[in-house]
Amino acid sequence: MSALQVVFVAALTALLLGVVLFSAFTVRAALVVRPTTARGSWLVRIGRASNRDVQRWAFVAHRATGVAVFAFLLLHVFDVALFTLSPARFDDVHELYGTAPMRVFECLLFFAILFHTFNGLRLVLLDVAEIRLSTARRLLHVAVALTAVAGTAASVVILKPVVA
Amino acid sequence: MTQPRIVAFLVMRTTAVVLAVLVVGHFAVTHLVNDVAETGSSFVMQRWSSALWLAWDWTMLAAALAHAGAGIWLMIDEQAPATRPRRLYHAALVVTIGVLLAVGTAALTIAGTR
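Protein chains in written order, with our numbering: chain H, 1 to 164; chain U, 165 to 278.
So that you can see chain H by itself, here it is in the shape it has in the complex (with noise of 0.2 Å):
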């Protein structure tokens, strides 16, 4: 691997981590609000409290994959513009994104995209129509299925080429 290359594995590396820690703060910050919920351990009381409000966890996953995405964009930025300064450069990083663990990342990046997507759709609708409460919870599984389903469909043509 080039310097470039490692410089930007580190990077990428360093960002996963802070998105899994944030991710982690956030559920944590979603369960102490609630002292219905406030016993057991906080991995135990995800479970329990999901059955609950199923709203919440969105919400919690919004932010959650906002960061995500961002986080990424942190790096993107820098990735492309090594283009102005050189081509060749750009090409050696570049070379990184084919590679099979890069996929998985993108399959990963892109189901992150697709929820915020459809749940940010959601919300923006519930900000300029009146929904009742029902159906803005038939409107969240109907996000959930379009990312699961668009996600899946994507991940096996960006997988395709490392698999085959």
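By construction, these hints were calculated from the structure, which means they are not laboratory data.
Errors might be hidden in some of the hints.
[Unchecked claim] Partial list, computed: chain H residues near chain U (C-beta under 8 Å):
| # | residue |
| --- | --- |
| 1 | 73 |
| 2 | 81 |
| 3 | 90 |
| 4 | 98 |
| 5 | 106 |
| 6 | 110 |
| 7 | 117 |
| 8 | 124 |
| 9 | 135 |
[As the list claims (entries may be wrong)] Just so you have them, the derived chain H footprint on chain U, three or more residues with Cβ under 8 Å:
| # | segment |
| --- | --- |
| 10 | 180 to 191 |
| 11 | 195 to 207 |
| 12 | 261 to 269 |
A virtual CB, placed ideally from N, CA and C, is assigned to each residue, including glycine.
Chain U: place on chain H using the hints.
Below, chain U without anything else, positioned relative to chain H:
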């Protein structure tokens, strides 16, 4: 709600709708329509020779940074209610967004005028 919060609220919603098209479209073009291994410098050179793609990329960058900036700004308000750390976090956020916008705009300008 104070005035800045209303602005942040409106920025979030308008950029959200724009980004839903631009970001998903961007990912589709670079990972689904084309394989990511084929989107090297020759792909970028061809893409940025078109004013339309330059406009797409800059609008996407500006909208994403405004969207993320407004979102994280509100998150800081929520998580750091004390005035002093909050000001510090807000300042760090503005600097980060500013650097990203400057780097991205510079790259697109250089590519567009070459």
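Enumerated hints in conflict with the structure, sorted upward: The structure conflicts with hint 9 only, although it agrees with all the remaining ones.
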